[in-house]
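Chains as they are written, first to last, in the working numbering: chain U, 1 to 409; chain H, 1 to 409.
Hints may be right or wrong, so weigh each one.
[Unchecked claim] 30 Å max Cα-Cα, derived DSSO-like pairs, lysine-lysine:
{"hint": "1", "chain 1": "H", "residue 1": "K235", "chain 2": "U", "residue 2": "K307"}
{"hint": "2", "chain 1": "H", "residue 1": "K296", "chain 2": "U", "residue 2": "K235"}
{"hint": "3", "chain 1": "H", "residue 1": "K26", "chain 2": "U", "residue 2": "K161"}
{"hint": "4", "chain 1": "U", "residue 1": "K26", "chain 2": "H", "residue 2": "K235"}
{"hint": "5", "chain 1": "H", "residue 1": "K317", "chain 2": "U", "residue 2": "K235"}
{"hint": "6", "chain 1": "U", "residue 1": "K235", "chain 2": "H", "residue 2": "K307"}
{"hint": "7", "chain 1": "H", "residue 1": "K26", "chain 2": "U", "residue 2": "K26"}
{"hint": "8", "chain 1": "H", "residue 1": "K235", "chain 2": "U", "residue 2": "K388"}
[Stated by the list, open to error] Listed below are several chain H residues computed to face chain U (Cβ distance under 8 Å; list not exhaustive):
{"hint": "9", "residue": "H225"}
{"hint": "10", "residue": "G227"}
{"hint": "11", "residue": "L253"}
{"hint": "12", "residue": "T262"}
{"hint": "13", "residue": "V263"}
{"hint": "14", "residue": "L266"}
{"hint": "15", "residue": "P270"}
{"hint": "16", "residue": "R273"}
{"hint": "17", "residue": "P277"}
[Unchecked claim] If we take Cβ atoms under 10 Å as the criterion, some of the chain H residues that face chain U in the derived model are:
{"hint": "18", "residue": "L44"}
{"hint": "19", "residue": "E191"}
{"hint": "20", "residue": "P230"}
{"hint": "21", "residue": "R233"}
{"hint": "22", "residue": "K243"}
{"hint": "23", "residue": "D285"}
Derived by calculation from the structure, the hints in this document are not laboratory data.
We put the beta carbon where it would ideally sit given N, CA and C, even for glycine.
Listed here are the chains, written in short residue letters.
2 protein chains.
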Amino acid sequence: MKNIKTNEQRLWNSLMEMGEIGGTEKGGCCRLALTDLDKQARDLFTEWCEAAGCTVRVDKIGNVFARRPGKNNDLPPVVMGSHIDTQPTGGKFDGVYGVLSGLEVIRTLNDNNIETDHPIEASIWTNEEGSRFAPAMVASGVFAGVFDLEYGLSRADLDGKTMGEELQRIGYAGEHEVGSPVKAFFEAHIEQGPILEEEETSIGVVTDAQGQRWYEVTLTGQEAHAGPTPMLRRKDALLGASKIVQEVNNIGLANQPNACSTVGLLQVFPNSRNVIPGEVFFTIDFRHPNDDVLSKMDQQLRDVCAKIADEMGLEMKFEQIWYSPPVPFNTSCVDSVRQAAEDAGYSHRDIVSGAGHDACYIARVAPTGMVFVPCENGISHNEEENAKPEDLHAGCNVLLQAVLNQACL
Amino acid sequence: MKNIKTNEQRLWNSLMEMGEIGGTEKGGCCRLALTDLDKQARDLFTEWCEAAGCTVRVDKIGNVFARRPGKNNDLPPVVMGSHIDTQPTGGKFDGVYGVLSGLEVIRTLNDNNIETDHPIEASIWTNEEGSRFAPAMVASGVFAGVFDLEYGLSRADLDGKTMGEELQRIGYAGEHEVGSPVKAFFEAHIEQGPILEEEETSIGVVTDAQGQRWYEVTLTGQEAHAGPTPMLRRKDALLGASKIVQEVNNIGLANQPNACSTVGLLQVFPNSRNVIPGEVFFTIDFRHPNDDVLSKMDQQLRDVCAKIADEMGLEMKFEQIWYSPPVPFNTSCVDSVRQAAEDAGYSHRDIVSGAGHDACYIARVAPTGMVFVPCENGISHNEEENAKPEDLHAGCNVLLQAVLNQACL
Numbered sequence: 001m002k003n004i005k006t007n008e009q010r011l012w013n014s015l016m017e018m019g020e021i022g023g024t025e026k027g028g029c030c031r032l033a034l035t036d037l038d039k040q041a042r043d044l045f046t047e048w049c050e051a052a053g054c055t056v057r058v059d060k061i062g063n064v065f066a067r068r069p070g071k072n073n074d075l076p077p078v079v080m081g082s083h084i085d086t087q088p089t090g091g092k093f094d095g096v097y098g099v100l101s102g103l104e105v106i107r108t109l110n111d112n113n114i115e116t117d118h119p120i121e122a123s124i125w126t127n128e129e130g131s132r133f134a135p136a137m138v139a140s141g142v143f144a145g146v147f148d149l150e151y152g153l154s155r156a157d158l159d160g161k162t163m164g165e166e167l168q169r170i171g172y173a174g175e176h177e178v179g180s181p182v183k184a185f186f187e188a189h190i191e192q193g194p195i196l197e198e199e200e201t202s203i204g205v206v207t208d209a210q211g212q213r214w215y216e217v218t219l220t221g222q223e224a225h226a227g228p229t230p231m232l233r234r235k236d237a238l239l240g241a242s243k244i245v246q247e248v249n250n251i252g253l254a255n256q257p258n259a260c261s262t263v264g265l266l267q268v269f270p271n272s273r274n275v276i277p278g279e280v281f282f283t284i285d286f287r288h289p290n291d292d293v294l295s296k297m298d299q300q301l302r303d304v305c306a307k308i309a310d311e312m313g314l315e316m317k318f319e320q321i322w323y324s325p326p327v328p329f330n331t332s333c334v335d336s337v338r339q340a341a342e343d344a345g346y347s348h349r350d351i352v353s354g355a356g357h358d359a360c361y362i363a364r365v366a367p368t369g370m371v372f373v374p375c376e377n378g379i380s381h382n383e384e385e386n387a388k389p390e391d392l393h394a395g396c397n398v399l400l401q402a403v404l405n406q407a408c409l
Numbered sequence: 001m002k003n004i005k006t007n008e009q010r011l012w013n014s015l016m017e018m019g020e021i022g023g024t025e026k027g028g029c030c031r032l033a034l035t036d037l038d039k040q041a042r043d044l045f046t047e048w049c050e051a052a053g054c055t056v057r058v059d060k061i062g063n064v065f066a067r068r069p070g071k072n073n074d075l076p077p078v079v080m081g082s083h084i085d086t087q088p089t090g091g092k093f094d095g096v097y098g099v100l101s102g103l104e105v106i107r108t109l110n111d112n113n114i115e116t117d118h119p120i121e122a123s124i125w126t127n128e129e130g131s132r133f134a135p136a137m138v139a140s141g142v143f144a145g146v147f148d149l150e151y152g153l154s155r156a157d158l159d160g161k162t163m164g165e166e167l168q169r170i171g172y173a174g175e176h177e178v179g180s181p182v183k184a185f186f187e188a189h190i191e192q193g194p195i196l197e198e199e200e201t202s203i204g205v206v207t208d209a210q211g212q213r214w215y216e217v218t219l220t221g222q223e224a225h226a227g228p229t230p231m232l233r234r235k236d237a238l239l240g241a242s243k244i245v246q247e248v249n250n251i252g253l254a255n256q257p258n259a260c261s262t263v264g265l266l267q268v269f270p271n272s273r274n275v276i277p278g279e280v281f282f283t284i285d286f287r288h289p290n291d292d293v294l295s296k297m298d299q300q301l302r303d304v305c306a307k308i309a310d311e312m313g314l315e316m317k318f319e320q321i322w323y324s325p326p327v328p329f330n331t332s333c334v335d336s337v338r339q340a341a342e343d344a345g346y347s348h349r350d351i352v353s354g355a356g357h358d359a360c361y362i363a364r365v366a367p368t369g370m371v372f373v374p375c376e377n378g379i380s381h382n383e384e385e386n387a388k389p390e391d392l393h394a395g396c397n398v399l400l401q402a403v404l405n406q407a408c409l
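One chain only, chain U, in its complex shape (with noise of 0.2 Å):
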């Protein structure tokens, strides 16, 4: 079965004709979380499934697993898979290969016939990047307990509409319970950084993930006529947030190598120009692969942030909305993921995300390792997000041995 290949054309296909629910004119696709366009994605993917006599399932976050059957179906099943939604402007790979790639193996398997031991699933996770409704990743969290269903289900995005309400009204509210016993999972994905491309490395065997820590932060200050009203009596809060935003820089900055710091998110409030900002709502987002690391960043922004609120007289609201710990993932699927470049002769390296993804949830329920492929420029949630059809189909070979290796006794 070592000698068996995924079809790069077929696979290239389904990428291009994902993509164009919510394709962009830049090349990009926007489709956020359980929009009508996370809806038409999950439709046609589900019709494919079904094509491929798979038995569709939706479980009550709305995540979907699409089932092969195996010789003995009360085994647990391999399952691989990703997300579907991508950021406003996101790209046509991220997510939606890991998706694409597992539906691509299952059709191989029927191309060539062959019956696995344990049932075998290409999967959709709900809500993986978090841009919509945070935190991210968070219904790969409810089906490994890191989140319960409530939770999730009342995640409401900037116009109060939770997830709950959007499930249902798209139709994926699904009835099974969240969560079951999974043999192995594997996850493909492009790199979203530039090691790979720039090393000219087919496939990288992800070994661990980094930790990352979310925060909120509001400040105020006192909003106020920007003619008459003298400098050095303005409580301006976009000064302190503009402030901060360099101190994050600084605190990424001084924990190299691997330490990344972001503010991606700020709204400035009243926002007009001859006001004095009287509020700013950020937020930040802190990543590094050493837990004592990243603890160490959080109390360099908690101090840094205290004293800039303290000497602007601003009021600060601070708070860690998440934290995610450093992932090492399963040994036996990093191993199957490896041997399976190898066998193929495609050039691979051990990696470290620095991306989280629905794999490193999954990993405190279930063995499981990831596939990445490099990706141009090293760049995504950006719609200039590309990678090459052969790079996306050796990587997909590597799943589909490594899920083989997994799936037969």
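Once you have looked at the hints, place chain H on chain U.
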């Protein structure tokens, strides 16, 4: 006639009733230009003026003039007025006090059966705040020939709706040509700064208004995933913008006394917590009463913005969208205000206006003066904006006598 006084309670009641249109929970007012609320406020003013025997006309940019006839109606009118639009989180006095004190002067002349030689008018100037449609003071600017009518009508809000469309929609696209001879123009206004209150002075005799420069800046970097994108490979537009926010503040501090510098509006794209910001749009507001210093500040800003954009590898679009030179008010009108305050026995001082006002444009085409009264803590453009009935009354009495001084031969 020097003993005639306006009616403090009637003025206050009118302010409170008008303040209910767009009134906020915190006691402020949100009545953006050319919204349905602006229409309601215009309708109420018109109703009150007609009840006071005035003839109301509207010009093509929506300015409203309520005329009380004089002995010789071929003479140009003495005009009072200001604006009734507010900031998104504005107060009940900024602008509307100048409009309703004009109405109170007319009501008082009626009460005392006084006939002036010149006709007298109370006016509303469209979109003074510049909050919904930039730039500020656009309709008094058209009146003064600073802008042409087409420019004024084509100003668009963030949704792309133009002033012309919105004037049509609310029924205030008038028939009258914009601009006509004015004997003298007076604008009563809260100070919007702390000086009068701190010095316990009732009346500010406004001699000059400071010059202003407004800018719009767009920084473009590269949006990318906040996790796997190494710190040193980033082009973070928000990091660049936050450096410029600091420098804008530094330039204001470096040009004391009197300089003001503010970033009031800032928008981040795509504004997602785990995406490095690819683009930031923001505004800058510079003010100084000395044109040479204002030019120096302009050069400092251009230098520092170019340096930051260059160092960070960001593209920058930098545009000065508005320039208003410092304004000296008319000696005769300023004298009329000062004399009225002196005659009434009010404490008074000469003062420079920190904010722009419709009077700054009208001063280009008619003899113009302004009357300032204290406001609480110098705060405006804020729902907490407040003023004392007795101070508002004193300012209205000064307005009355200054108008009589100019309107009687």
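Checked hints:
no.	hint	verdict
1	H:K235 / U:K307	holds (27 Å)
2	H:K296 / U:K235	holds (25 Å)
3	H:K26 / U:K161	holds (26 Å)
4	U:K26 / H:K235	holds (19 Å)
5	H:K317 / U:K235	holds (28 Å)
6	U:K235 / H:K307	holds (27 Å)
7	H:K26 / U:K26	violated (44 Å)
8	H:K235 / U:K388	holds (24 Å)
9	H225	holds (4 Å)
10	G227	holds (4 Å)
11	L253	holds (6 Å)
12	T262	holds (4 Å)
13	V263	holds (6 Å)
14	L266	holds (5 Å)
15	P270	holds (4 Å)
16	R273	holds (4 Å)
17	P277	holds (6 Å)
18	L44	violated (25 Å)
19	E191	holds (7 Å)
20	P230	holds (7 Å)
21	R233	holds (7 Å)
22	K243	holds (7 Å)
23	D285	holds (5 Å)
In terms of the numbered hints stated before, the structure departs from hints 7 and 18, listed from lowest to highest.
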